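Asker: The lines below spell out each chain.
Number of protein chains: 2
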Amino acid sequence: MSLIVQKFGGTSVGSVDRIEHIAARIGNTRERGDDVVVVVSAMGGETDRLIRLAQGIQEHPDPRELDVLLSTGEQVTIALLAMALQANGCIARSYTGHQVHIRTDSVHTRARIVHIDDQRIRADLEAGRVVVVAGFQGVDEGGNITTLGRGGSDTTAVALAAALGARECQIHTDVDGVYTTDPRVVPEARRLEVLTFEEMLELASLGAKVLQIRSVEFASKYGVPLRVLSSFEDGPGTLIAPDLEDNRMEQPLISGVAFNRDEAKITVMGVQDRPGVAFSILGPVADENIEVDMIVQNTGADGTTDFTFTVHRNDFARTLQIVEERRLQWGASGVTGDDRIVKISLVGVGMRSHAGIASRMFRALAAESINIQMISTSEIKISVVVEEKYLELGVRALHTAFGLDGNVVAGDRSQSPGGSGRRGS
Amino acid sequence: MSLIVQKFGGTSVGSVDRIEHIAARIGNTRERGDDVVVVVSAMGGETDRLIRLAQGIQEHPDPRELDVLLSTGEQVTIALLAMALQANGCIARSYTGHQVHIRTDSVHTRARIVHIDDQRIRADLEAGRVVVVAGFQGVDEGGNITTLGRGGSDTTAVALAAALGARECQIHTDVDGVYTTDPRVVPEARRLEVLTFEEMLELASLGAKVLQIRSVEFASKYGVPLRVLSSFEDGPGTLIAPDLEDNRMEQPLISGVAFNRDEAKITVMGVQDRPGVAFSILGPVADENIEVDMIVQNTGADGTTDFTFTVHRNDFARTLQIVEERRLQWGASGVTGDDRIVKISLVGVGMRSHAGIASRMFRALAAESINIQMISTSEIKISVVVEEKYLELGVRALHTAFGLDGNVVAGDRSQSPGGSGRRGS
Chain C
1 MSLIVQKFGG TSVGSVDRIE HIAARIGNTR ERGDDVVVVV SAMGGETDRL IRLAQGIQEH
61 PDPRELDVLL STGEQVTIAL LAMALQANGC IARSYTGHQV HIRTDSVHTR ARIVHIDDQR
121 IRADLEAGRV VVVAGFQGVD EGGNITTLGR GGSDTTAVAL AAALGARECQ IHTDVDGVYT
181 TDPRVVPEAR RLEVLTFEEM LELASLGAKV LQIRSVEFAS KYGVPLRVLS SFEDGPGTLI
241 APDLEDNRME QPLISGVAFN RDEAKITVMG VQDRPGVAFS ILGPVADENI EVDMIVQNTG
301 ADGTTDFTFT VHRNDFARTL QIVEERRLQW GASGVTGDDR IVKISLVGVG MRSHAGIASR
361 MFRALAAESI NIQMISTSEI KISVVVEEKY LELGVRALHT AFGLDGNVVA GDRSQSPGGS
421 GRRGS
Chain F
1 MSLIVQKFGG TSVGSVDRIE HIAARIGNTR ERGDDVVVVV SAMGGETDRL IRLAQGIQEH
61 PDPRELDVLL STGEQVTIAL LAMALQANGC IARSYTGHQV HIRTDSVHTR ARIVHIDDQR
121 IRADLEAGRV VVVAGFQGVD EGGNITTLGR GGSDTTAVAL AAALGARECQ IHTDVDGVYT
181 TDPRVVPEAR RLEVLTFEEM LELASLGAKV LQIRSVEFAS KYGVPLRVLS SFEDGPGTLI
241 APDLEDNRME QPLISGVAFN RDEAKITVMG VQDRPGVAFS ILGPVADENI EVDMIVQNTG
301 ADGTTDFTFT VHRNDFARTL QIVEERRLQW GASGVTGDDR IVKISLVGVG MRSHAGIASR
361 MFRALAAESI NIQMISTSEI KISVVVEEKY LELGVRALHT AFGLDGNVVA GDRSQSPGGS
421 GRRGS
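Protein chains in written order, with the numbering used here: chain C, 1 to 425; chain F, 1 to 425.
Incorrect hints may appear among the rest.
Stretches of chain C that chain F covers, calculated by requiring three or more beta carbons in the stretch to come under 8 Å of a beta carbon on chain F [what the hints assert, rightly or not]:
| hint | stretch |
| --- | --- |
| 1 | 46 to 55 |
| 2 | 58 to 66 |
| 3 | 73 to 79 |
| 4 | 93 to 102 |
Hints are computed from structural coordinates only; laboratory data are not their basis.
These numbers come from a predicted model, not from an experiment.
All C-beta atoms, glycine included, are put in the ideal place defined by N, C-alpha and C.
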């Protein structure tokens with residue numbers, strides 16, 4: 001018998017009916033001959049309800065106590081799911097993070113898993129039980145309850161899959177897989193059959209929120225195959241595997257087209273082009289805990305440079321203020337900002353060995369008269385910043401130009417990935 | 001510094017406002033120089049909500065999983081109360097039953113505490129912290145979450161007080177103490193200053209529901225002084241102490257007048273008065289899990305006897321049927337039943353050394369023309385069954401006859417106890 005870890009998110013367990021529905025699905029997996037460990041999130045909306053309760057008492061709730069509070073959300077779900085499995089004829093047992101010793105560090109509300117004691121779970125599996133584990137939570141060395149932060153249930157599932165040597169870790173969500181791009185923007189977007197961890201990481205960080213980045217990193221580190229599936233309908237979903245070399249019929253070029261609407265850019269013009277200038281500009285921004293995304297710097301002919309970077313749109317006004325205040329000490333000739341921009345990215349491991357991707361990308365955008373404001377490249381992605389109004393046009397142009405349109409064909413992954421969807425904890 | 005354990009029930013922690021209110025009260029206790037361990041129930045209504053969720057899945061929810069589910073109720077409260085204490089300037093830490101190793105047996109939904117590991121709590125108290133512990137829950141030898149049954153939070157509080165050698169275990173409720181009788185029946189009912197464990201046990205089992213019987217037994221066994229107090233207003237409440245001999249100014253006579261409206265009686269007439277007849281009648285009733293309260297048997301002159309017993313009114317019809325079915329095999333001449341009866345009881349340790357209490361009781365009832373249908377006596381109580389319509393009249397007559405009317409005077413406990421109120425978990 002091989003083992004499968006199945007994770008169900010908040011929407012999938014949002015009501016008694018849905019819990020009964022997934023109990024039936026888990027029963028099907030068992031009947032196909034696999035052992036099953038299930039990881040669940042809190043029922044949809046429950047975590048937010050608990051946070052509101054806490055904020056009614058402390059504006060910034062004590063992190064240790066917040067973890068004690070929030071961890072009840074998943075505990076409710078595991079008990080209800082174990083009952084539903086039993087009502088369905090499946091012998092099952094639920095466990096909190098504490099009970100199966102999901103040991104974490106002591107950073108409350110965003111702890112990291114350091115060890116899992118798999119003894120108890122293995123004994124239950126050997127006894128023919130389905131094991132239901134509360135996601136998102138653990139316990140530190142001192143026995144304090146911790147939580148892993150939003151999306152932490154994915155991490156729990158992957159960590160359990162790694163500790164137990166599971167054949168696959170299945171993440172059940174409200175989408176049926178990872179797509180070449182957001183189907184709401186490009187109706188021709190295709191579900192991808194397979195995808196590498198690196199591609200998934202680039203797609204996730206670029207705005208495709210199907211999987212929590214940390215859980216993908218974790219899966220990558222321990223070589224756990226991940227599969228994104230729909231909670232509501234049957235289907236193969238998308239497999240995210242450690243290494244696709246063996247499965248490939250031909251080298252894939254582009255996996256997908258990702259985009260991010262939440263960008264804003266700031267340009268500091270005419271600063272002296274000398275060592276340390278990047279730090280002197282970005283240091284004060286980082287000090288305010290503002291995350292910087294793209295950074296582009298061009299050397300000018302006259303010994304000065306224009307320095308441009310992007311931040312989340314919510315941080316735009318504050319960042320602009322920080323920069324304006326320091327403009328004179330940098331000797332900058334001016335500061336401009338624009339929060340009507342978006343970022344579009346091509347992602348694909350095939351870029352590593354294929355030349356000409358960038359020029360093909362720029363040509364496709366030029367054909368639609370879309371002006372590129374910034375360009376940034378990495379080993380497996382190329383990102384451009386364009387005016388906001390061109391988002392849909394640009395994404396569609398690239399999706400078509402790189403042959404991503406059309407229906408997915410089983411086993412055929414000659415082309416490429418993007419992603420879509422929403423995730424809870 | 002001495003230690004006080006304070007328990008707050010569901011109504012006392014029913015909202016964020018109320019939690020903040022009790023945080024302030026706990027702060028006051030700390031300021032008076034005592035260390036404090038707090039035990040709390042689930043927020044009012046929460047346990048019922050969780051049970052309804054479970055019953056939506058399984059008509060008879062799996063007991064192990066029900067305990068996992070229900071224990072979240074108290075876990076929510078401990079976290080919110082710890083936050084409220086901190087917002088109030090009190091360093092506090094919350095613990096689940098699992099975290100402070102409240103070890104129980106494995107009888108899910110009505111487990112019994114077998115051991116408490118006090119190390120962690122002592123360390124926190126030494127560090128100047130208020131310790132907030134989830135009531136009602138524990139963990140068995142196998143690490144499974146257990147619950148102690150309705151009212152279990154009282155038991156948790158008493159067990160902690162015993163384990164930690166607390167000076168007093170304070171049970172905060174929605175009434176301000178134990179009364180000589182129910183003030184809704186007798187407006188002149190007095191709050192009692194002190195009361196023995198035995199008296200409290202008799203009063204509780206007779207229908208006064210201020211304290212959970214098990215917690216009183218536990219307190220009695222370990223000699224933990226219990227105090228019943230109001231959650232909402234200041235006041236000394238009622239002290240239930242292991243031994244009152246030293247505190248008494250004079251021997252108390254009657255503690256209070258308790259009553260029970262839920263009784264029904266059944267009489268089997270003219271059965272042969274031979275060994276084993278009581279068992280032959282009550283055996284089949286017990287086999288149906290029907291609890292029998294009072295039992296009275298009179299020997300007749302003709303070698304036959306009338307055998308009368310009372311059961312809960314809800315069990316009346318079923319019991320009557322059981323008895324009717326077997327009447328012929330007992331050779332009984334007839335069976336009668338009446339579910340329009342009530343039981344009124346006088347309770348007081350003073351009875352032990354005072355003669356004439358019974359006759360005084362019967363005279364007071366006779367003066368109101370109340371006919372007594374059954375009489376049953378024990379060392380510290382006398383119970384009578386009367387027609388339902390005489391309940392209020394009878395209780396008032398006895399309350400007055402035994403000098404229980406009037407306002408309580410601090411330190412004066414020359415007279416006597418009863419009880420009232422409602423309890424959650």
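Asker: Now look at each hint and say whether the structure bears it out.
Answerer: Right, here's what the structure says about each hint:
1. 46 to 55: holds (count 3)
2. 58 to 66: holds (count 6)
3. 73 to 79: holds (count 4)
4. 93 to 102: holds (count 5)
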